[in-house]
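There are 2 protein chains.
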Amino acid sequence: MREVIIVTDLDKIKILAEPTRFKILELLRKQPMSISELSTFLKKDRSTVYRHIKVLEKAGFVEKIGHERNEKIYARTARLFLLKVEPDESIEEFRRQYLRVEASRLLEILKKSGIKVKDEKEFLQLTAQVLKEIEDSSRPFLQKISQADLDLKEVELFHLLNLLVFLQSCELCEKAQKMKKLIDL
Amino acid sequence: MREVIIVTDLDKIKILAEPTRFKILELLRKQPMSISELSTFLKKDRSTVYRHIKVLEKAGFVEKIGHERNEKIYARTARLFLLKVEPDESIEEFRRQYLRVEASRLLEILKKSGIKVKDEKEFLQLTAQVLKEIEDSSRPFLQKISQADLDLKEVELFHLLNLLVFLQSCELCEKAQKMKKLIDL
Numbered sequence: 001m002r003e004v005i006i007v008t009d010l011d012k013i014k015i016l017a018e019p020t021r022f023k024i025l026e027l028l029r030k031q032p033m034s035i036s037e038l039s040t041f042l043k044k045d046r047s048t049v050y051r052h053i054k055v056l057e058k059a060g061f062v063e064k065i066g067h068e069r070n071e072k073i074y075a076r077t078a079r080l081f082l083l084k085v086e087p088d089e090s091i092e093e094f095r096r097q098y099l100r101v102e103a104s105r106l107l108e109i110l111k112k113s114g115i116k117v118k119d120e121k122e123f124l125q126l127t128a129q130v131l132k133e134i135e136d137s138s139r140p141f142l143q144k145i146s147q148a149d150l151d152l153k154e155v156e157l158f159h160l161l162n163l164l165v166f167l168q169s170c171e172l173c174e175k176a177q178k179m180k181k182l183i184d185l
Numbered sequence: 001m002r003e004v005i006i007v008t009d010l011d012k013i014k015i016l017a018e019p020t021r022f023k024i025l026e027l028l029r030k031q032p033m034s035i036s037e038l039s040t041f042l043k044k045d046r047s048t049v050y051r052h053i054k055v056l057e058k059a060g061f062v063e064k065i066g067h068e069r070n071e072k073i074y075a076r077t078a079r080l081f082l083l084k085v086e087p088d089e090s091i092e093e094f095r096r097q098y099l100r101v102e103a104s105r106l107l108e109i110l111k112k113s114g115i116k117v118k119d120e121k122e123f124l125q126l127t128a129q130v131l132k133e134i135e136d137s138s139r140p141f142l143q144k145i146s147q148a149d150l151d152l153k154e155v156e157l158f159h160l161l162n163l164l165v166f167l168q169s170c171e172l173c174e175k176a177q178k179m180k181k182l183i184d185l
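Quick note, the sequences are listed as chains C and X, same order.
This note's numbering applies: residue 1 is where the first sequence begins, and numbers increase by one.
This note's numbering applies: residue 1 is where the second sequence begins, and numbers increase by one.
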């Protein structure tokens, strides 16, 4: 299993826009599983899970890594899939939803850490907007890196993404000032 | 095993500044191992490895997760340790070295992806400097989050760190312009 795979192919992202498949990948983060185990967790019948696993396998998101009691065991091909694709009408709703979820997770983290956010609604809007902007400007860069098919480590990806945000500093400065007013640091 | 642990305690960081211990944690990223396995990989005798493992265990970096052939098996307590401490004379050299290594890894990634860097020496200097600056300004924030002892997911940490860089946009803008001139995007 790789640490990171950057996914830039639109057809592959569409495969993840299906909720059950997205859920399967989430479950496999914890440990590799068989179709039976997955179907128990998902409360779906085995043939449905099998069909989804085959789609995920073909797209390179999961792989067989062994057998247990006559059943194949499936694992993710990477711990982390970083999704970066050209904006496309057909996945716009999935993307918007994803950004909203990420923004509200960030809000939760801040609140649990005792960091006050003055206007939560505005924070969520601004955060989703900034995440989108960062994603859009980083895309050409990350596409080049994805094409080079390097065996990136997570720590390297952290620094790389930080570098990409940093490169957009001048463009983001105004929004950062707005954000600073919203967060009580 | 957790996904992320943020380490802000100076004494703990000092423990990692010892090269063999740092190497042990790197080896355990791949899989949990016994003292014998570690000593084979490290080409060090078992008693040395045992001593280091005990120090790492006490500081909460590794834990026993089982037995195999009469030997204890050790694993990391988190996939990712994010080190964030107050600058301190005693670890300054370790930190500088770490930032230099990270900067040169980034340079390697860009080059392998076919992204041209005009002045490599200047790139390395500027990158190490920016990484340090980002780290310094993010520290109070990350300390609060570390104290809350949340079970952070990697993806959440990605967004959180991006948010922290974004918050410093106005301060980083000038350096970003310099960097853009160095990289041929």
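Check before you lean on any hint, since a few could be wrong.
Said to hold, decoys possible - Straight-line distance between alpha carbons at most 16 Å, and here's what the computed EDC-like set of lysine to aspartate or glutamate pairs gives:
hint : chain 1 : residue 1 : chain 2 : residue 2
1    : C       : K12       : C       : D45
2    : X       : K144      : C       : E26
3    : C       : K180      : X       : E3
4    : C       : K111      : X       : E171
5    : X       : K111      : C       : D151
6    : X       : K153      : C       : D151
7    : C       : K153      : X       : D151
8    : C       : K153      : X       : E3
9    : C       : K30       : X       : E154
10   : C       : K144      : X       : D184
11   : X       : K180      : C       : E154
12   : C       : K30       : X       : E171
What the hints assert, rightly or not - Far from chain X by the CB rule (all over 10 Å, computed), these chain C residues:
hint : residue
13   : T20
14   : S34
15   : S36
16   : T77
17   : E89
18   : S90
19   : F94
20   : K112
21   : T127
22   : L131
Worth flagging that the hints you see were computed from the coordinates, not collected in a lab.
Just so you know, these numbers come straight off a predicted model, no measurement behind them.
In this text, a Cβ means the ideal position worked out from N, Cα and C, and glycines have one as well.
Problem set entry | Contradicted hints - numbers only | 1, 2, 3, 4, 6, 7, 11, 12, 20, 21, 22
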